[in-house]
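Number of protein chains: 2
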Amino acid sequence: MQKRDFPVSQVRRYLEPGPIVLVSSHWQGERNIMTLGWHTILEFTPSLVGLMISAGNHSFELIRQSRECVINLPTTALTDTVVRIGNTTGAEVDKFAEFGLTPETASTVSAPLIAECHASFECRLHEDALVDSYNFFIFEVLKAHVAPSPRHPETLHYTGDGVFMVSGKIISRRALFRPGML
Amino acid sequence: MQKRDFPVSQVRRYLEPGPIVLVSSHWQGERNIMTLGWHTILEFTPSLVGLMISAGNHSFELIRQSRECVINLPTTALTDTVVRIGNTTGAEVDKFAEFGLTPETASTVSAPLIAECHASFECRLHEDALVDSYNFFIFEVLKAHVAPSPRHPETLHYTGDGVFMVSGKIISRRALFRPGML
Chain G
1 MQKRDFPVSQ VRRYLEPGPI VLVSSHWQGE RNIMTLGWHT ILEFTPSLVG LMISAGNHSF
61 ELIRQSRECV INLPTTALTD TVVRIGNTTG AEVDKFAEFG LTPETASTVS APLIAECHAS
121 FECRLHEDAL VDSYNFFIFE VLKAHVAPSP RHPETLHYTG DGVFMVSGKI ISRRALFRPG
181 ML
Chain H
1 MQKRDFPVSQ VRRYLEPGPI VLVSSHWQGE RNIMTLGWHT ILEFTPSLVG LMISAGNHSF
61 ELIRQSRECV INLPTTALTD TVVRIGNTTG AEVDKFAEFG LTPETASTVS APLIAECHAS
121 FECRLHEDAL VDSYNFFIFE VLKAHVAPSP RHPETLHYTG DGVFMVSGKI ISRRALFRPG
181 ML
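Top to bottom, those sequences are chains G and H.
If you count the first sequence from 1, position 137 lands on 137 in full-length UniProt numbering, and the numbers rise without skipping.
If you count the second sequence from 1, position 176 lands on 176 in full-length UniProt numbering, and the numbers rise without skipping.
Quick caveat, the hints were computed from the structure, so don't treat them as lab data.
Note that the structure is predicted; figures quoted are calculated from it, not measured.
Warning: the hint list may mix true and false statements.
Across the chosen pairs, the derived CB separations fall in these ranges [as the list claims (entries may be wrong)]:
#1 H:S133 to G:P179: 38 to 44 Å
#2 H:N87 to G:E92: 49 to 55 Å
#3 H:P7 to G:P179: 27 to 33 Å
#4 G:H152 to H:G180: 32 to 38 Å
#5 H:A115 to G:Q28: 32 to 38 Å
#6 H:R151 to G:G29: 45 to 51 Å
#7 G:S9 to H:A91: 38 to 44 Å
#8 G:H152 to H:I170: 29 to 35 Å
#9 H:D128 to G:S9: 37 to 43 Å
#10 H:M181 to G:D128: 22 to 28 Å
#11 H:R178 to G:G29: 40 to 46 Å
#12 H:P7 to G:S110: 25 to 31 Å
#13 H:I170 to G:G180: 47 to 53 Å
#14 G:R124 to H:D80: 54 to 60 Å
Derived, one-sided and incomplete: chain H residues facing chain G with beta-carbon distance under 7 Å [unchecked claim]:
#15 R12
#16 R13
#17 T40
#18 N87
#19 A91
#20 V166
#21 G168
Derived list of chain H stretches under chain G, where covered just means 3 residues or more per stretch with a C-beta under 8 Å from a C-beta of chain G [claimed, not checked]:
#22 14-25
#23 62-72
#24 105-113
#25 127-137
#26 140-152
#27 174-182
Glycine residues also receive a C-beta, built at the ideal position from the N, C-alpha and C atoms.
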């Protein structure tokens, strides 16, 4: 997917609504992808995102050691792939090859972008204070790549038990906001 | 709204898809409500949720001092109220009275539930290590109250700039999951 540079201070536009993401990583020649739904925006500038990466995942050590990752945003076009990535382990398969995904070279980190995703956010570890106790990593988004259309991609939002909520219509209440609160 | 007890280990069902929530609080006779979109599930058992509560909010001190809050889930029926709560400060108005919301007594915390919301989760502070540095509170959900219908309430997901994404259709990929991954 053709992506353009996007302001890192505005990644909330894509992550705040709560989509499932694909986190790619790289460490000492090994690469991996995991499916992840437990994340939150934490700050605009620096652009901070918190991710809960369960220690049972093969990606955990790759990310903990490299202190980097790429957060990729899949749309519903990749629904089955999202589930299959979550169902397999990088200890046994190369998920890029297994699922026909294209790794692209990032600008600031060694982890690859996933070409088929709508957006990719290059991240470096910013705070590891809660990694040992809660598997909670705070990353700074260093560079953001976003496809210019569609403006509102159809994203997947997990509710447990195999069921996803798909993003729906867009409504604006811009006129109701005080300018400083937008 | 008539709510029933709901297992606290399953609150991800409502919070993981990334809805805007209304956080109610109480401290020394004062009560407040804030609109919040920066949160993530962190664990099933104990049931842990992380909230980024910006220190500029009037609710910040009420929650920091009381070490409690209630996370309430509004649907699109409350869209304008959600925006107006975010636009006003509890230092000037009683938001329950101002917006015609009904406080209900919680079971385990002094913060009130909001009767008009689809679900309410009573929370006690579990970890404050990142409160001073990142305004990031980790709460344990002690009790969950959820309206039994509709099964998939229409929730609001903020994208910045006054624009909300509304939750859409539900799709199941249950058959694709390995049992342990549901």
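How the hints compare with the structure:
1. H:S133 to G:P179: 38 to 44 Å: violated (29 Å)
2. H:N87 to G:E92: 49 to 55 Å: For E92 (chain G) against N87 (chain H), whose Cβ atoms are near 51 Å apart, the range 49 to 55 Å holds.
3. H:P7 to G:P179: 27 to 33 Å: Cβ of P7 (chain H) to Cβ of P179 (chain G): about 42 Å, so the range 27 to 33 Å is violated.
4. G:H152 to H:G180: 32 to 38 Å: Holds, since H152 (chain G) and G180 (chain H) (Cβ atoms, about 34 Å apart) stay within the stated range.
5. H:A115 to G:Q28: 32 to 38 Å: Check failed, 55 Å falls outside 32 to 38 Å.
6. H:R151 to G:G29: 45 to 51 Å: Holds: the Cβ-Cβ distance is about 47 Å, inside 45 to 51 Å.
7. G:S9 to H:A91: 38 to 44 Å: For S9 (chain G) and A91 (chain H) the Cβ distance comes to about 28 Å; the hint is violated.
8. G:H152 to H:I170: 29 to 35 Å: violated (18 Å)
9. H:D128 to G:S9: 37 to 43 Å: violated (27 Å)
10. H:M181 to G:D128: 22 to 28 Å: Given a distance of about 27 Å, which is inside 22 to 28 Å, the answer is holds.
11. H:R178 to G:G29: 40 to 46 Å: For G29 (chain G) against R178 (chain H), whose Cβ atoms are near 28 Å apart, the range 40 to 46 Å is violated.
12. H:P7 to G:S110: 25 to 31 Å: Taking Cβ atoms as reference, P7 (chain H) and S110 (chain G) lie about 41 Å apart, which means the hint is violated.
13. H:I170 to G:G180: 47 to 53 Å: violated (36 Å)
14. G:R124 to H:D80: 54 to 60 Å: violated (40 Å)
15. R12: Where the cut-off is 7 Å and the nearest Cβ of chain G is about 5 Å from R12 (chain H), the hint holds.
16. R13: R13 (chain H) check passes; min Cβ-Cβ to chain G is 5 Å, inside 7 Å.
17. T40: This hint holds: T40 (chain H) lies near chain G, its Cβ roughly 4 Å from the closest one there, short of 7 Å.
18. N87: holds (5 Å)
19. A91: Constraint on A91 (chain H) not satisfied, violated at 15 Å.
20. V166: holds (5 Å)
21. G168: It holds, given that the least Cβ distance between G168 (chain H) and chain G is near 3 Å, below 7 Å.
22. 14-25: Since three or more residues must qualify, the claim that chain G covers the segment 14-25 of chain H holds, with 5 doing so at under 8 Å.
23. 62-72: violated (count 0)
24. 105-113: violated (count 0)
25. 127-137: holds (count 6)
26. 140-152: violated (count 1)
27. 174-182: As far as the segment 174-182 of chain H goes, the hint holds, because 7 residues have Cβ atoms under 8 Å from chain G.
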